[in-house]
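S.K.: These are the residues of each chain, in order.
There are 2 protein chains.
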Amino acid sequence: CTQPYTVFAAQKAPTTLDTSSFMAAPVTDLKTLEENPTDMKTKMELMIMRIQSEFCRALEAEEGDGGKFTVDKWVRHNASEGGGVTCVLQDGATFEKAGVNITVMAAPLSKELQASMRARGKSLPEDKKFTFFAAGVSSVIHPRNPHIPTIHFNYRYFEMQDEDGNNKHWWFGGGTDLTPYYLVEEDVRLFHGVLKSACDRHHPTHYTRFKKWCDDYFFVKFRGERRGVGGIFFDDLEDEDPEKVFGFVKDCAEAVIPSFLPLVQKHKDDAVSEAERRWQLLRRGRYVEFNLVYDRGTKFGFATPNARIESILMSLPLHARWEYMHQPAPGTPEHKITEVLKNPKDWL
Amino acid sequence: CTQPYTVFAAQKAPTTLDTSSFMAAPVTDLKTLEENPTDMKTKMELMIMRIQSEFCRALEAEEGDGGKFTVDKWVRHNASEGGGVTCVLQDGATFEKAGVNITVMAAPLSKELQASMRARGKSLPEDKKFTFFAAGVSSVIHPRNPHIPTIHFNYRYFEMQDEDGNNKHWWFGGGTDLTPYYLVEEDVRLFHGVLKSACDRHHPTHYTRFKKWCDDYFFVKFRGERRGVGGIFFDDLEDEDPEKVFGFVKDCAEAVIPSFLPLVQKHKDDAVSEAERRWQLLRRGRYVEFNLVYDRGTKFGFATPNARIESILMSLPLHARWEYMHQPAPGTPEHKITEVLKNPKDWL
Chain A
1 CTQPYTVFAA QKAPTTLDTS SFMAAPVTDL KTLEENPTDM KTKMELMIMR IQSEFCRALE
61 AEEGDGGKFT VDKWVRHNAS EGGGVTCVLQ DGATFEKAGV NITVMAAPLS KELQASMRAR
121 GKSLPEDKKF TFFAAGVSSV IHPRNPHIPT IHFNYRYFEM QDEDGNNKHW WFGGGTDLTP
181 YYLVEEDVRL FHGVLKSACD RHHPTHYTRF KKWCDDYFFV KFRGERRGVG GIFFDDLEDE
241 DPEKVFGFVK DCAEAVIPSF LPLVQKHKDD AVSEAERRWQ LLRRGRYVEF NLVYDRGTKF
301 GFATPNARIE SILMSLPLHA RWEYMHQPAP GTPEHKITEV LKNPKDWL
Chain B
1 CTQPYTVFAA QKAPTTLDTS SFMAAPVTDL KTLEENPTDM KTKMELMIMR IQSEFCRALE
61 AEEGDGGKFT VDKWVRHNAS EGGGVTCVLQ DGATFEKAGV NITVMAAPLS KELQASMRAR
121 GKSLPEDKKF TFFAAGVSSV IHPRNPHIPT IHFNYRYFEM QDEDGNNKHW WFGGGTDLTP
181 YYLVEEDVRL FHGVLKSACD RHHPTHYTRF KKWCDDYFFV KFRGERRGVG GIFFDDLEDE
241 DPEKVFGFVK DCAEAVIPSF LPLVQKHKDD AVSEAERRWQ LLRRGRYVEF NLVYDRGTKF
301 GFATPNARIE SILMSLPLHA RWEYMHQPAP GTPEHKITEV LKNPKDWL
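Protein sequences, first through last, are from chains A and B.
So the first sequence is residues 1 to 348, counted in our numbering.
So the second sequence is residues 1 to 348, counted in our numbering.
Careful: at least some of the hints might be erroneous.
In this list, chains with the same sequence are indistinguishable; a pair is considered to hold if it fits within one copy or across any two.
SDA-like cross-link-like pairs, simulated, lysine to any residue; straight-line CA separation at most 20 Å [said to hold, decoys possible]: (1) K299 <-> F222; (2) K73 <-> D29; (3) K221 <-> P305; (4) K342 <-> F222; (5) K221 <-> R296.
It is worth saying that the hints were derived from the structure and are not from the lab.
Construct the complete structure from the given sequences, taking the supplied hints into account.
M.R.: Here is the structure:
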């Protein structure tokens with residue numbers, strides 16, 4: 001007799017991927033991921049799905065019953081170009097707004113983007129059409145207590161090749177940076193120390209180089225101040241061996257929890273005065289200024305047709321405040337942090 | 001005998017200008033203004049000083065004892081290039097944040113600005129150096145009660161000429177626009193009606209043309225919605241007779257109070273629910289998005305070295321809010337206003 005069950009089982013690729021701990025199913029279908037386990041696209045997608053889930057669970061653990069992440073799995077306007085998973089925890093007990101987003105997309109490279117890639121030094125022949133693949137995790141966490149800093153991180157992988165599968169380019173970018181409202185030097189040292197350890201395991205100059213890059217990038221020119229106390233930032237990272245760079249990026253992404261959670265645990269029950277809350281809201285206004293005026297990812301999103309704007313702007317705080325001519329008095333803790341934003345220092 | 005008093009009096013120009021009602025002394029010294037009473041630069045500066053003062057006094061009258069404007073007279077980094085008078089009323093009983101700024105500046109035209117002027121159609125010979133003069137009043141009023149709209153207006157005069165005093169160009173620009181949180185059609189009609197009357201006194205198509213220009217300009221592309229219910233907006237306005245254009249701009253500026261104060265008086269004591277306040281804060285977030293991402297005046301300010309950033313950003317609200325994926329339910333008043341922002345309509 002015929003055995004339809006067996007026939008079906010024989011056609012099915014062996015299921016080796018366990019995605020049960022992820023916030024949602026990966027963007028790419030499981031079969032493609034399972035059939036290409038050594039492809040960097042697969043490795044990156046699975047890594048960022050895991051990082052998203054581990055980070056969201058770690059934050060939820062700090063909330064207790066105070067809040068849970070909502071999970072939105074979305075596809076692009078043209079579904080064949082990919083999509084993402086956006087997790088947001090809003091108005092929680094510990095976190096006022098926490099967003100952790102992953103995006104995986106594959107699309108034709110527009111003329112404009114092709115020109116901008118060329119301007120960045122990628123050699124792309126004029127007569128070829130290119131497709132690009134991008135996979136990244138991006139997160140901004142705005143805690144409720146002003147004694148806990150805001151953290152941002154983003155790790156991403158790009159790949160592009162022409163229609164014949166030639167002229168392939170790939171690179172990684174990313175970073176993690178901290179925006180405290182009050183300066184607690186030992187907290188900043190802990191944060192930078194964890195990032196430095198991750199860097200040092202891969203290259204002796206990574207930390208110094210990427211720390212400076214971070215200070216330079218997160219700069220609000222019209223204010224003459226940095227967004228926060230920095231961290232690491234890099235782009236266009238490549239190597240003869242892609243696995244090497246992937247290993248570094250994975251280490252950086254895995255350093256987020258140990259660099260940040262201790263600060264949450266240390267300060268989440270700190271007493272907060274009205275003046276401290278007000279200062280936090282003023283600084284969140286500055287965060288909005290950086291993100292809307294300077295942030296490259298945000299501007300790229302604004303310029304992308306049919307971008308999912310809610311996933312891009314999940315980085316904005318629940319509340320922000322702008323006071324005309326606010327100047328903290330010299331000698332106050334509020335003044336102390338602004339000095340460091342104007343003159344970045346070495347923490348280690 | 002010698003009479004030093006008489007000698008001194010004879011040297012002094014006759015004082016004909018009464019600036020006592022202004023918020024501060026004009027930016028240009030009185031002698032220059034008095035000696036050039038028919039110069040458009042003088043006429044514009046005195047007009048915007050008067051408009052600033054009349055508007056600030058009218059707003060203060062609505063505050064009662066609730067708030068007063070602070071007045072900051074400032075000069076540019078290079079004081080010979082001019083300066084301004086910034087008036088801000090913050091955290092008042094009726095107005096949460098009200099800013100009324102005048103700027104008067106005269107400076108060499110940078111290469112970049114010269115190129116951008118050329119791109120806008122001004123014929124500026126390449127081999128000449130130009131100086132430009134700009135005088136304008138700019139204001140954003142964020143009332144406390146969500147049933148009173150936010151209003152913005154800006155009226156400005158530009159002049160430029162080459163080093164020999166030739167190749168002179170001049171033009172006026174400006175507009176007034178309204179951003180309600182809740183749609184009260186008769187309020188919007190009153191507002192547009194006052195603007196239309198001012199326009200109709202000068203040209204039969206001004207209102208229609210400048211109403212459309214306003215709808216097109218105050219557009220947040222990535223949201224697919226306008227900032228508010230429009231008003232009028234124009235730029236590069238010129239005529240054989242400068243006095244004609246000045247008369248129109250003056251009429252528009254004088255229309256601000258009658259277009260807005262009735263709405264303040266009507267709604268300032270309206271009952272406000274927590275949900276209405278929250279909606280107001282969310283919409284103020286959208287206001288921030290337009291101003292930081294799209295507004296040409298703000299972007300021009302960010303790009304100007306040593307710009308007085310506090311005068312530029314006085315337009316930002318005291319509070320703003322961003323919620324992930326906030327969508328008002330169909331049929332609610334909150335939904336009703338968003339429909340009008342997506343599809344601007346004719347109010348008259």
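S.K.: Using 20 Å as the alpha carbon limit, work out where K299 and F222 are close: within a copy, between copies, both or neither.
M.R.: Answer is both: 17 Å inside a copy and 10 Å across each meet the 20 Å cutoff.
S.K.: Between K221 and R296, at a C-alpha cutoff of 20 Å, which is it: within one copy, between copies, both, or neither?
M.R.: Answer is both; intra-copy 14 Å and inter-copy 17 Å each pass.
S.K.: Taking 20 Å as the upper bound on the Cα-Cα distance, should K221 and P305 be classified as within, between, both, or neither?
M.R.: between (28 Å within a copy, 10 Å between copies)
S.K.: 20 Å Cα cut-off: does K73 pair with D29 within a copy, between copies, both or neither?
M.R.: For K73 and D29, the Cα distance is within 20 Å only inside one copy (13 Å; across copies 63 Å).
S.K.: Using 20 Å as the alpha-carbon threshold, which applies to K342 and F222: within, between, both, or neither?
M.R.: within (12 Å within a copy, 32 Å between copies)
Consistency with the previously given hints is maintained throughout, with no hint failing.
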